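**Q** Sequence:
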Amino acid sequence: MICQIGYLTLYPDVFIDEIHDGTFYARLVLINNGSTLEIDARPSDCISLAIRVNASIMICRSVFESSLITEDELEENSQEMDQ
Numbered sequence: 650m651i652c653q654i655g656y657l658t659l660y661p662d663v664f665i666d667e668i669h670d671g672t673f674y675a676r677l678v679l680i681n682n683g684s685t686l687e688i689d690a691r692p693s694d695c696i697s698l699a700i701r702v703n704a705s706i707m708i709c710r711s712v713f714e715s716s717l718i719t720e721d722e723l724e725e726n727s728q729e730m731d732q
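Residue numbers (this note's numbering): 650 to 732.
Don't read these hints as lab results, they were simulated from the structure.
Everything numeric in this text was worked out from a predicted model, so none of it was measured.
Built from N, CA and C at the ideal position, the CB exists for glycine as well.
Be aware that one or more of the hints could be misleading.
[To be verified] Each pair of labels, with its calculated beta carbon distance range:
| no. | residue 1 | residue 2 | range |
| --- | --- | --- | --- |
| 1 | 681 | 725 | 41 to 51 Å |
| 2 | 711 | 687 | 12 to 22 Å |
| 3 | 694 | 732 | 29 to 39 Å |
| 4 | 670 | 726 | 17 to 27 Å |
| 5 | 718 | 690 | 17 to 27 Å |
| 6 | 670 | 698 | 19 to 29 Å |
| 7 | 671 | 720 | 13 to 23 Å |
| 8 | 680 | 729 | 40 to 50 Å |
| 9 | 670 | 722 | 16 to 26 Å |
| 10 | 671 | 721 | 11 to 21 Å |
Input sequences plus hints: build the corresponding full structure.
**A** Put into structure tokens, the structure is as follows:
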């Protein structure tokens with residue numbers, strides 16, 4: 650996707666590629682005329698920007714799999730909320 654900022658034409662992508670102690674880490678990757686700039690940023694900021702400019706949001710498989718919620722956990726949380 651393309652993001653126009655002033656005279657720059659950027660092609661942004663978001664990568665959520667690490668999780669440590671329950672904290673997610675993300676990178677915003679900007680490409681302009683063949684130059685690549687990677688910026689470490691909060692996942693919430695990266696996702697917000699990606700939504701605004703229709704950029705890709707990619708998550709590392711190991712991060713995705715380690716953060717899955719099982720059906721049992723979902724049911725348990727649902728019961729706790731009902732109380």
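**Q** State for each hint whether it applies.
**A** Here's how the hints hold up against the structure:
1. 681 - 725: 41 to 51 Å: holds (47 Å)
2. 711 - 687: 12 to 22 Å: holds (19 Å)
3. 694 - 732: 29 to 39 Å: holds (35 Å)
4. 670 - 726: 17 to 27 Å: holds (20 Å)
5. 718 - 690: 17 to 27 Å: holds (25 Å)
6. 670 - 698: 19 to 29 Å: holds (25 Å)
7. 671 - 720: 13 to 23 Å: For residue 720 against residue 671, whose Cβ atoms are near 21 Å apart, the range 13 to 23 Å holds.
8. 680 - 729: 40 to 50 Å: Since residue 680 and residue 729 have Cβ atoms about 45 Å apart, the given range 40 to 50 Å holds.
9. 670 - 722: 16 to 26 Å: holds (18 Å)
10. 671 - 721: 11 to 21 Å: Cβ of residue 671 to Cβ of residue 721: about 19 Å, so the range 11 to 21 Å holds.
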